[in-house]
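Okay, so the sequence shown: first residue is 0 according to numbering that gives the first Met the number 0, each after it adds one.
Don't take every hint at face value.
No more than 27 Å apart at the CA atoms, straight line, and that leaves these computed lysine-lysine pairs for BS3-like [as the list claims (entries may be wrong)]:
hint, residue 1, residue 2
1, Lys-70, Lys-24
2, Lys-70, Lys-36
3, Lys-70, Lys-41
4, Lys-71, Lys-24
5, Lys-41, Lys-24
6, Lys-24, Lys-85
Hint data in this document are derived by calculation from the structure and do not stem from the laboratory.
A quick note: this is a predicted structure, and the numbers were derived from the prediction, not measured.
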Amino acid sequence: MQTGKRLRKYQDTNTVMSTDERLLKSALIFGANANGKTNLIKSLIMLKNLVVNPTSDELQVLDSDTFGYNKKNTSFEICFSMSDDKYEYTLEYNTSEVVLALMM
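Build the full structure now, drawing on both the sequences and the hints.
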């Protein structure tokens, strides 16, 4: 995420320095109605639930929010920093199996 033009003058109070990057202390999601703000939050919650609460049974259906008869895999890719390390987590799955889980 990037700071807006008006917030750049507050870099010292609204950001923290992490190695070679300035990170925002907080961020806002804004946009017009029906532009996907709620879907972004829902997808992050879905990803969290898949990682924190794995299935307990091989036959249990994995949570997926597909539209209509879409048979494509659901995929997530998220990048984050912890301490001075950067990570990239990729997860791809369908309702019956995890196709790819990768942490770099």
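> Can you name, in rising order, the numbers of the hints this structure does not satisfy?
Replying inline: As far as the earlier hints go, 1, 4 are violated by this structure, in ascending order.
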